[in-house]
Amino acid sequence: MSPVPAAAVLASLAVLALAAERTWIVAAIAAGLLVACLRAPRTRRFVYLAGTLVSSLFVFVLSPFVSTEGSHVIWEGPRVPVLGLLDVTSEELATGGTQALRLAAVGLAFAAYVLLLDLDRLLHAAGFARRSVLAVGLATRLVPTLERDAAGFVEALRGRGVEVNGVRGRARLLSPLVAGSLERSLNLAEAMEARGFGRPGRTRAPSPAWSGLDRIAIAMAVLIVLAAIWA
Amino acid sequence: MGLVRIDDLTFSYPDARVPSLSNVSLRIEPGEVVAVLGPSGSGKSTLLRALAGLVPHFHGGRFEGRVEVDGRDTRRTGPAELAGRVASLFQDPEDQVVFGRVAAEVAFGLENVGTRPEQIWPRVHGALAEAGIGHLAERRTETLSAGELQRVCLASVLALEPALLLLDEPTSQLDPHGAEALLDLAVELDGAVVVSEQRPSMPLERCDRVLFLEAGRIVLDAPRGPALEWLSANRPGYLPGEAATLGDREVDGEELCRLDDVAYSYLEEPVLRGVSLAARRGEVVALTGPNGIGKTTLAKIAAGLLTTHHGTVERRGRACYLSQDPGRYLVTDRVEDEVALGVGGDLGKARRALDEVGLAGLERRHPRDLSSGERERLALASVLVTDPDILILDEPTRGVDPPRKAELAELIRRGASHRATIVVTHDLVFAGEVADRGVELGARELAHA
Chain A
1 MSPVPAAAVL ASLAVLALAA ERTWIVAAIA AGLLVACLRA PRTRRFVYLA GTLVSSLFVF
61 VLSPFVSTEG SHVIWEGPRV PVLGLLDVTS EELATGGTQA LRLAAVGLAF AAYVLLLDLD
121 RLLHAAGFAR RSVLAVGLAT RLVPTLERDA AGFVEALRGR GVEVNGVRGR ARLLSPLVAG
181 SLERSLNLAE AMEARGFGRP GRTRAPSPAW SGLDRIAIAM AVLIVLAAIW A
Chain B
1001 MGLVRIDDLT FSYPDARVPS LSNVSLRIEP GEVVAVLGPS GSGKSTLLRA LAGLVPHFHG
1061 GRFEGRVEVD GRDTRRTGPA ELAGRVASLF QDPEDQVVFG RVAAEVAFGL ENVGTRPEQI
1121 WPRVHGALAE AGIGHLAERR TETLSAGELQ RVCLASVLAL EPALLLLDEP TSQLDPHGAE
1181 ALLDLAVELD GAVVVSEQRP SMPLERCDRV LFLEAGRIVL DAPRGPALEW LSANRPGYLP
1241 GEAATLGDRE VDGEELCRLD DVAYSYLEEP VLRGVSLAAR RGEVVALTGP NGIGKTTLAK
1301 IAAGLLTTHH GTVERRGRAC YLSQDPGRYL VTDRVEDEVA LGVGGDLGKA RRALDEVGLA
1361 GLERRHPRDL SSGERERLAL ASVLVTDPDI LILDEPTRGV DPPRKAELAE LIRRGASHRA
1421 TIVVTHDLVF AGEVADRGVE LGARELAHA
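For the protein sequence lines, the chains are A and B, in the order given. Quick note: this note's numbering has the first sequence finishing at residue 231, numbered continuously throughout. Quick note: this note's numbering has the second sequence finishing at residue 1449, numbered continuously throughout.
Pulled out of the complex, with its shape left as it was, chain A reads as follows (with noise of 0.2 Å):
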């Protein structure tokens, strides 16, 4: 499939996850993405899972503290200043497992756009916005790159015999990995500059026609959309 039809469906399920009543399709949703993210690399999934699943697991725990919602008290707390008694319901548990889910699925989406699809070729598709579809595949690249230059400035280090251990360890790596980042951007930019970049009459390598499926998965994008409106 064309990645613009696939960036479609996938946007259309996030559309759907958000404004789906029914947590069973939320969670269908979520689950369907899953099974594709778990299509792309170990090592290229798991910060994407991982971050997911980290923020949709801190939604579910926090919402029963923050809401006031159902009668049927499982939990009671104490009484704290400013959010009152802190009592967990079902009722709660339920609404924040949707909200969670909702998370998921959306995080998802988007993992799914990053690892699965050419972000390249979307780009050559893209009629309009080519500066801010550049920028926006530059910047999907740069959590890698930063990952990677993580790992070096740790083995650097090691290799001279200091352990960077801790919060603390990690945390001072933090300036020379933005400098560094930047430094990198100031090369490419010149690179960019010294191979044309941003000269008046640019053209546009043909992408390839659309096939039947690319079509059907448009039209499936745009009807999961309206049922999201209108169901």
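What the hints contain is simulated information worked out from the structure, not anything from laboratory work. Keep in mind that the hints are not guaranteed to be accurate.
In silico negatives: residues of chain B with every beta carbon more than 10 Å from chain A [to be verified]:
id: 1; residue: E1029
id: 2; residue: G1071
id: 3; residue: G1132
id: 4; residue: E1161
id: 5; residue: P1176
id: 6; residue: D1184
id: 7; residue: L1185
id: 8; residue: R1217
id: 9; residue: A1222
id: 10; residue: L1228
id: 11; residue: W1230
id: 12; residue: D1260
id: 13; residue: R1280
id: 14; residue: N1291
id: 15; residue: R1316
id: 16; residue: G1442
Quick look at which bits of chain A chain B covers, simulated, 3 or more residues with Cβ under 8 Å [said to hold, decoys possible]:
id: 17; segment: 110 to 121
id: 18; segment: 157 to 165
id: 19; segment: 179 to 188
id: 20; segment: 199 to 211
Ideal Cβ positions, reconstructed from N, Cα and C, are used throughout, including at glycine.
Place chain B on chain A using the hints.
This is chain B only, laid out in the frame that chain A set:
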């Protein structure tokens, strides 16, 4: 009229106290191959950037004189407008790659310069085939080795069919065969080629003319023959050296590092299988072999940075490893603090190590303010300061000019008597100068290294 005309160019980077180029005048004719030599910081890269229009448009600074390329004054014509007629290949391919897929990367320049859409893919595939990497068209750029990536960058500039090709140390990450193949491809281009290199033998074999820069001035501009005579009389370190056959000198010292039958794989791809290596106190071992054969992996296993999947590793004493990327030694805000990291903050030791590598006087500078050659030496000082029993240096001559290379060889030999030293290198001349014996990693030799 020539392709390039430079009249009395003087250029200083912003905040620089001395100009990087002083009163440079130069003509280059179409089809000429010009080798630009000179020590680190002599202005070679700045000259190439001036020819691409990046100086002054991208870097700013004070620009006096006139540079004309293909009849266009670079003060009025920016690098993006010169692109296509002028193409640049820089030292580090990692910093040039924009896209995630090889074919898209090569198409990027063609699209920017307004190539007709129906011509783009044929030219992309033509350039990839010319660079010998047609099979990589659909590969992800992050999965390529440094050598493959540099060939992708070369294909990107070849696809543009430029009138002037500028190569700024393009072979620093390549093994000798890869470097020769890349330069052969570049000089076959119909246009003029200007190549700056720290390994001068290869461009000197292929050029029509030689420029030698020192402190921003051209001290030699001559055809190849007379230039070789001048180099022989005045700068013999830059003459092509004979790659010595690596010997097998016996050293009696205690064995400090021994790897037996080791194997290592990245994901499912085996890199090393059945490799053995030993180093004794007082011995310098050169580890050579083509790109991607596993030299760095073996060096990291020897240093204890990677754990072998099979076989045994024995070390007596402390091992230290110098990474081939000097950008990894820029963690602190001051040069002396960076070096002191490995010795628990002992600034006295750090200053002595800096003095030893020729960086005395720069102790309080920010490491990122150093030139690339100075960064290489900072990395070396950061490792040497720890005075390890086992010293492992991964490509220590990358980006180092010939006079510094001779100093580095002397420095390694000086400390060799009380430690075991393993030097991973593509530079066979350097290996011959510094090593007691060589171990060549290759498909055939893997089991016997």
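Hints, one by one, checked against the model:
| no. | hint | verdict |
| --- | --- | --- |
| 1 | E1029 | 22 Å, holds |
| 2 | G1071 | 18 Å, holds |
| 3 | G1132 | 21 Å, holds |
| 4 | E1161 | 13 Å, holds |
| 5 | P1176 | 26 Å, holds |
| 6 | D1184 | 23 Å, holds |
| 7 | L1185 | 18 Å, holds |
| 8 | R1217 | 25 Å, holds |
| 9 | A1222 | 29 Å, holds |
| 10 | L1228 | 31 Å, holds |
| 11 | W1230 | 32 Å, holds |
| 12 | D1260 | 22 Å, holds |
| 13 | R1280 | 21 Å, holds |
| 14 | N1291 | 18 Å, holds |
| 15 | R1316 | 16 Å, holds |
| 16 | G1442 | 26 Å, holds |
| 17 | 110 to 121 | holds (count 4) |
| 18 | 157 to 165 | holds (count 6) |
| 19 | 179 to 188 | holds (count 6) |
| 20 | 199 to 211 | holds (count 7) |
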